[in-house]
Amino acid sequence: MTNKIKIQIRDLWFYYNTNLILEDIHLDIRKNCITCITGPSGQGKSTFLMTLNRLWENIDGAKSQGIINIDFENGFEEITVPGYPLPQLRQKVGMVFQTPNPLPMGIYKNVAFPLKLIGEKNRDSNFEKVKTALKKAFLWEEVKDRLTQDASLLSGGQQQRLCIARTLVLNPQILLLDEPTSSLDETSVEMIEQLLVILKQDCTIIMVSHYMDQIKRIADTTLVLSNRQLSKQ
Amino acid sequence: MKKIIVLAIILLQAGFCLASGLDAFKEEKGILRISGGTAHIPVMKEVAKRIMTFNPDIQIIIAGGGSGAGIKQVGEGLVNIGNSGRQATETEVKKYGLALYKWAIDGVAAVVNPHNPVKKLTNKQLQDIYAGRISNWKNLGGDDRAINIYTRDASSGTRAVFWKKALKKGEIIGRANFVASNGAMKSAVVNNPYAIGYISVGYVDSTVMQVTLDGVTPTLETVRTGQYKVARGLFSNTKGSAKGIAKKFIDYLLSPDGQAIAAQKGFIPVK
Amino acid sequence: MRFAVKENLAQLFFSGAAVLSGAATLLILGFMILLSLPVLESGLLMNILTDPWSPGHGQFGILAMIVGTLYIAGLSLLIGFPISLGCSFFIQITSPHGPGKLLKKLVQFMTAIPTVIYGFVGVFLLVPVVRQVFSYGSGMSILTASLMLGILICPTMILFFSQSFARVPKNFLLAADALGGTPFQKLIYVIIPHAWPGLLTGLILGFGRAMGDTLIALMISGNSVMLPSSILDSARTLTAHIAMIIAADFDSIEFKTIFICGSVLYLLTSCGILAARILDRRQQG
Amino acid sequence: MKKPFFDRLLVAFSWGCALLLISAVSIIIGFLVVKGYKTINLDLIFADTRPLDGLLLKRQVFGGLFPAIIGTLSLILLAISFAMPVGIASGIYLSEYAPANQKWFFSLMVDILAGIPSIVVGLFGFSITIFLHHFFSNRIFPCLLISALSLAFLVLPYIVKTTQTAMESLPFQVRLTAPALGATRLENIIFVLLPTALSDIVSGLVLAIGRCAEDTAVIMLTGVVATAGIPKSIFSNFEALPFYIYYIASEYSDPSELMKGYGAALILLLICSGLFCIAHWIKNTIDQKQRFSY
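Chains as they are written, first to last, in the numbering used here: chain A, 3 to 235; chain B, 703 to 973; chain C, 131 to 415; chain D, 48 to 341.
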């Protein structure tokens, strides 16, 4: 754990149509930490995550203003400037959703999908990268014999780890997780928690979670979102 | 066995035709478009079949539409040959520079369903029927049923001739059912015991009954002798003198083979 | 940067296609109006809308066709609407499982039956029957065409009706059930008040379908040009009129009137669509 | 317990209507089948030409349905190849790119286009032909190409609608998955959205093909004729099954010709029901494998 700041958030406002969701947020997020966000549902926790990779721009009626700076090891860059290249941003800021969302293709292709997007064509090195990512996500042993099988045939926990592997394949510096364990059984939850603790050596992790015991187990910092404000617990 | 012999004779005849009149179509290639008069269609189809069998590089397209459409379309250059069951008017000839080729004579007969006891009409009665003044078969000695009048649309040459020579340019009541071709008229009358309509004599067969008009039964014979007056020429028109395949097609129509087809389909050859 | 070029090209292609689709609609309207202009300019419009059709006397009125169209479409709606309503009750309310599902499949299949088949069966089955039963006319009549059209437009209406029944919020239905309502009461007090805009929309779409059909009217309505006085008279619809006059002389007034027919049909159906849209929004909103 | 009167009435009414409709459809289909099944044989299609010769286009088929079947097939092929790219692209634009006001306008236009009677679309195609004939080249006639283009206009709105609905009904999370991995909008459409919505789109396409196969009003104004043989090029006239049926119904000259009409009607009905079944099969079978449960 370091005290180095990875993300600076300044004057962040967020609206859905005319509803104010986030009001004037100021926040610093530390590098190589697990930052957990909790709070009542429907208050905009997922929305907050989406401001960090600007995924909210894909949602109709959403509007945001304010400044977010991220230090991608070259000093702070303002990711909220209009022309900031989104694909590159989202490759460095990975995201995992509440319900596992494998793409309609095979297991291998799912994990290799981000490589395809950045135009990596070398099959050998791609295979190695996919293998590494699957290993990091504790999935390699379970799927190495059926890499071409359709991803929808995996169990829920496996699917979620697949989605994590898919995000890890590009070695993101920041990992956003939106209640990643809420739809999973106990063993899967445990596995993913273990995995996150290991991952934070390479990544800055920001996770939305409802489970206080989970937060206690893994969080370095806990933030509560309520009344449009984020506050430290 | 008999059937086979008849078939063989027909085939032989066909083979004979192939060798003789069709030689002109050798080496030709392309599309020939024909439209217009629907009375012409059976002859056109048979001629086209022979030509296309002889030389598959020629495609002949036959559409109906009626005489008016035939004249108009050939004039506009939309088709190569425009058929009409009436002589093109002078204004039409002048406007489009049409060349007219008459290749058969045809009568237009009033027809009823064979089950209808009414088989004779006077000219006056026919006019009254079409004008709506007589509206029940009972008044003519038939069943107590309303008369179902069938007529063609304004583009029809058959209608033009029937209207001029049989109805003496009398009125046609708006209640009449409209059909689009000689074939359609015939099938309408076949299916409706209380119908009256008019078709080319070439289309008359056992399924419909031609009406004896003022004592003259419209048949090939009475039309040929001129006894039956409601007659007309069948024309194929081209824009300017016929050229290319169109010329050869018309030449073939006027050749002995072509004339034989016309006769076989129930028309009176001109040669 | 190549990325952006590709993205923009794709967006250009997609939007171009959308513009093309939209333009097609306007282009057709434009052509209809443009080709109606000669008639409009000659000041004959009123004559054409009110005169009888009698080209021999220089009268080219399409009133009889407009009346014929509305008559046939109206009657077919009268026949088709109760059947469709009953069938959609059957599908959604009376027996939503088993038989209802089967009926829905059949109705969907009906949309795939070509109209020319309805016309063909009409000519050789329905026309003789109508002639025999009523001992009047040729059997080709408004009634004959309306009977066939009534069946033809059923799937349009049934599918729309059952969809709008299905859109009634589930908790309302549950509430009615919990209060001990019978299916009939549920229908009258919950479903109909909620689904009426959908019913009306289905009705409009059915009417549009009946009005827009050419083949059935052309084949079995008899195509006479008189103002019909009874449902056993034959009549001509605007669509059949276009099909029949298309072969006429291009320069003649009769030919030009078919564009008036086209414009009238276009405008009537677009008004229907607009109304359907407003109603649809009402049910959703 | 006895059901209340109105409930029994409701049940009786709905059963009555259902039975009425079912019997009407069965009568229509049954009539065709009973009258027409005997005519279904190779002679109906190839007449006196040897089937193989006809199929290989060695000899023209006269008096059989072969040219009409080929005409209908080429019509479908052409019309769909015009309408498919434009329709799918417009559908994508409407669901993925268009701002609200444009979406409103374009989908209204598409709805109106879908509502226009097909004969008006045919009249449009016809007048375009006359227009081109007068002002561009007097070698332009009503022909296969014009018919196919007009038909494309007719089925375009179906394709646009099904594509748009298929894309819009994709769950929210599916739409966000690829962008979260750094995919651009286009990559998201090509790699994720289209493949996921594919089964719906394809079944819509098959239904559009059915529309092309059955439509008569458009083609009778734009180039179909009773006798043309196999179309030699897209600029020639052609025959088509539905028009053949219409033509026979109104102009048949003898009972044997009429029987061919029954045969043609039955064949067309078979083709259209076949297409319907294929569309359903695609929607139901492929769907379950492709669609993800999240």
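Just so you know, these hints were derived from the structure itself, not from any lab.
Nothing here was measured: the structure is a model prediction, and the numbers come from that model.
Built from N, CA and C at the ideal position, the CB exists for glycine as well.
Among the hints, a few may not be true.
To be verified - Computed from the model, here is a short list of chain D residues facing chain B with C-beta under 7 angstroms:
hint : residue
1    : A71
2    : F182
3    : S184
4    : N185
5    : I187
6    : E215
7    : T274
8    : K279
9    : S283
10   : N284
11   : S303
Checked hints:
1. A71: With a closest approach of 22 angstroms, the A71(D) hint is violated.
2. F182: violated, 13 angstroms
3. S184: Violated. Min distance 11 angstroms.
4. N185: At about 5 angstroms, which falls below the 7 angstroms cut-off, the nearest Cβ of chain B leaves the hint on N185(D) intact, so it holds.
5. I187: violated, 9 angstroms
6. E215: Violated - the Cβ of E215(D) stays beyond 7 angstroms from chain B, reaching only about 45 angstroms at its closest.
7. T274: Where the cut-off is 7 angstroms and the nearest Cβ of chain B is about 4 angstroms from T274(D), the hint holds.
8. K279: holds, 5 angstroms
9. S283: holds, 6 angstroms
10. N284: At 4 angstroms from the nearest chain B Cβ, N284(D) passes the 7 angstroms test, so the hint holds.
11. S303: Violated, because the Cβ-Cβ distance from S303(D) to chain B comes to roughly 12 angstroms (cut-off 7 angstroms).
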